[in-house]
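From first to last, the protein sequence lines are chains A and B.
Position 36, counted from 1, in the first sequence is what the numbering used here calls 36; the numbers after and before it change by one each time, with no gaps.
Position 45, counted from 1, in the second sequence is what the numbering used here calls 45; the numbers after and before it change by one each time, with no gaps.
Check the hints yourself; a few may be wrong.
The following residues of chain A were derived to be distant from chain B, with all beta-carbon distances above 12 Å [as the list claims (entries may be wrong)]:
no. : residue
1   : 35
2   : 45
3   : 55
4   : 95
5   : 97
6   : 99
7   : 110
From the structure, some residues in chain A lie toward chain B, with a derived Cβ separation under 10 Å [unchecked claim]:
no. : residue
8   : 3
9   : 8
10  : 122
Think of the hints as simulated: they come from the structure by calculation, not from any bench.
Virtual Cβ for every residue (Gly too), placed ideally from N, Cα, C.
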Amino acid sequence: MGTFAAIGIAGSGLDVYRKWIDAVSDNLANINTVRPSNEAAFQARYVVAQANDNQGGESGGVHVAGAAFGSAEGRLVYEPDHPLADQNGYVRYPDIDMSSQMVQLIMAQRGYQANASVIDRAKDMYSTALTIGRN
Amino acid sequence: MSIPPIGAMPSVSAASFAQPTQAVRPSVGGEADFGTSLGSAIDGLQSMQSTASELAIKAVTGDLADVHDYTIAATQASVAMELTATIRNRAVDAFNEIMRMQG
Numbered sequence: 001m002g003t004f005a006a007i008g009i010a011g012s013g014l015d016v017y018r019k020w021i022d023a024v025s026d027n028l029a030n031i032n033t034v035r036p037s038n039e040a041a042f043q044a045r046y047v048v049a050q051a052n053d054n055q056g057g058e059s060g061g062v063h064v065a066g067a068a069f070g071s072a073e074g075r076l077v078y079e080p081d082h083p084l085a086d087q088n089g090y091v092r093y094p095d096i097d098m099s100s101q102m103v104q105l106i107m108a109q110r111g112y113q114a115n116a117s118v119i120d121r122a123k124d125m126y127s128t129a130l131t132i133g134r135n
Numbered sequence: 001m002s003i004p005p006i007g008a009m010p011s012v013s014a015a016s017f018a019q020p021t022q023a024v025r026p027s028v029g030g031e032a033d034f035g036t037s038l039g040s041a042i043d044g045l046q047s048m049q050s051t052a053s054e055l056a057i058k059a060v061t062g063d064l065a066d067v068h069d070y071t072i073a074a075t076q077a078s079v080a081m082e083l084t085a086t087i088r089n090r091a092v093d094a095f096n097e098i099m100r101m102q103g
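Working from the sequences, and respecting the hints, build out all of it.
Written out as C-alpha cells, the structure is:
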C-alpha cells in the first residue's frame with residue numbers, strides 16, 4: 001500500500017461494509033420466502049469480518065473471512081390456505097428479525113460512511129503535505 | 001497525604017541536544033539519479049491512472065463490482081499526480097536557483 005496506506009485500509013473497510021449491506025439486503029429480500037414444512041427455511045446470511053494480519057507486507061485493514069448462516073429450522077407458521085402448507089396447515093418461514101436487520105443496515109451504512117470519511121480526510125492530509133513549503 | 005519535595009534538576013549537557021554533524025558526501029552511482037527516480041515515479045503514476053481508467057470503463061459497462069473501487073483508484077491517481085508534479089516543480093526550482101548562482 002505504501003504511500004497511501006490509510007486510503008487502502010479504509011478501502012478494505014468499505015469492502016466489508018458493502019458486503020454486510022449485501023447480506024442484509026439478501027436477508028430482507030427473503031424475509032417472506034416460504035418453504036414447505038419438510039424443507040429447510042431460507043438461512044439468514046451473516047458476514048464474518050476479520051482483521052488482516054500484518055504478515056507479508058500488508059499494512060492492516062479488514063477482510064471478509066467468510067459467511068455464517070442462521071437457523072435452517074426457521075419458524076413454522078399456521079397458514080392452511082397457503083399452497084405450500086402441509087396436511088396440518090403449516091409452512092416454514094425464515095427466522096429473520098426485521099428490526100434487527102434494519103439496525104444492522106444502519107450500522108453498515110454508518111460504517112461505510114465512516115470509512116469513506118477516512119479516505120476523504122486522508123486525501124486532504126496528503127494534499128496538505130504537498131503544500132508544505134510552497135511559499 | 002504527603003507531598004514529596006521537589007528534587008534537583010538534572011544537569012543539561014550540550015551534547016544531549018546537539019549531535020555532532022556528519023559531513024554529507026555526494027553519492028555518485030550509489031543511488032539512482034534524480035531523472036531515473038522521477039522516471040520510475042511517473043511510471044507508477046501512469047499505472048495508477050491506467051488502473052483508474054480501466055475501472056471507469058468497467059463502471060460504464062456495468063462490470064464494476066464496487067463503486068468505491070473506482071473512486072479510490074481515481075483519488076489515489078490524482079494525489080499521486082499532485083505529488084509527482086510537486087516533486088518535479090521543486091526540482092526545477094532548485095535547478096533554476098543553481099543556474100542563477102553563476103551570474
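- Would you assess whether residue 35 of chain A, listed as outside the interface, keeps its beta-carbon beyond 12 Å of every beta-carbon in chain B? Given a closest Cβ separation of 30 Å, the condition holds.
- Whether residue 110 of chain A stays farther than 12 Å from all C-beta atoms of chain B, as the label says: holds, 15 Å
Practice problem: Determine whether the non-interface label on residue 97 of chain A survives the test: each CB of chain B must be over 12 Å from its CB. | Solution: holds, 28 Å
Would you check whether residue 122 of chain A satisfies its interface hint, that is, whether its CB is within less than 10 Å of any CB in chain B? holds, 9 Å
Original post:
For residue 95 of chain A, is the shortest beta carbon distance to chain B beyond 12 Å?
Top reply: holds, 30 Å
- Message: Take the shortest C-beta to C-beta distance between residue 8 of chain A and chain B; is it under 10 Å?
- Response: With a closest approach of 8 Å, the residue 8 of chain A hint holds.
With chain B as the partner, please determine if residue 3 of chain A meets the hint condition of a C-beta pair closer than 10 Å.
Where the cut-off is 10 Å and the nearest Cβ of chain B is about 8 Å from residue 3 of chain A, the hint holds.
Over 12 Å from every CB of chain B: does residue 99 of chain A meet that, or does the non-interface label fail? Residue 99 of chain A is indeed farther than 12 Å from all Cβ atoms of chain B, at 28 Å.
Check your understanding: Going by Cβ atoms, does residue 55 of chain A stay more than 12 Å from chain B at every point?
Key -> holds, 23 Å
Beyond 12 Å from every chain B Cβ - status for residue 45 of chain A
The claim stands: residue 45 of chain A keeps its Cβ more than 12 Å from every Cβ of chain B (closest is about 17 Å).
In terms of the numbered hints stated before, the structure departs from none.
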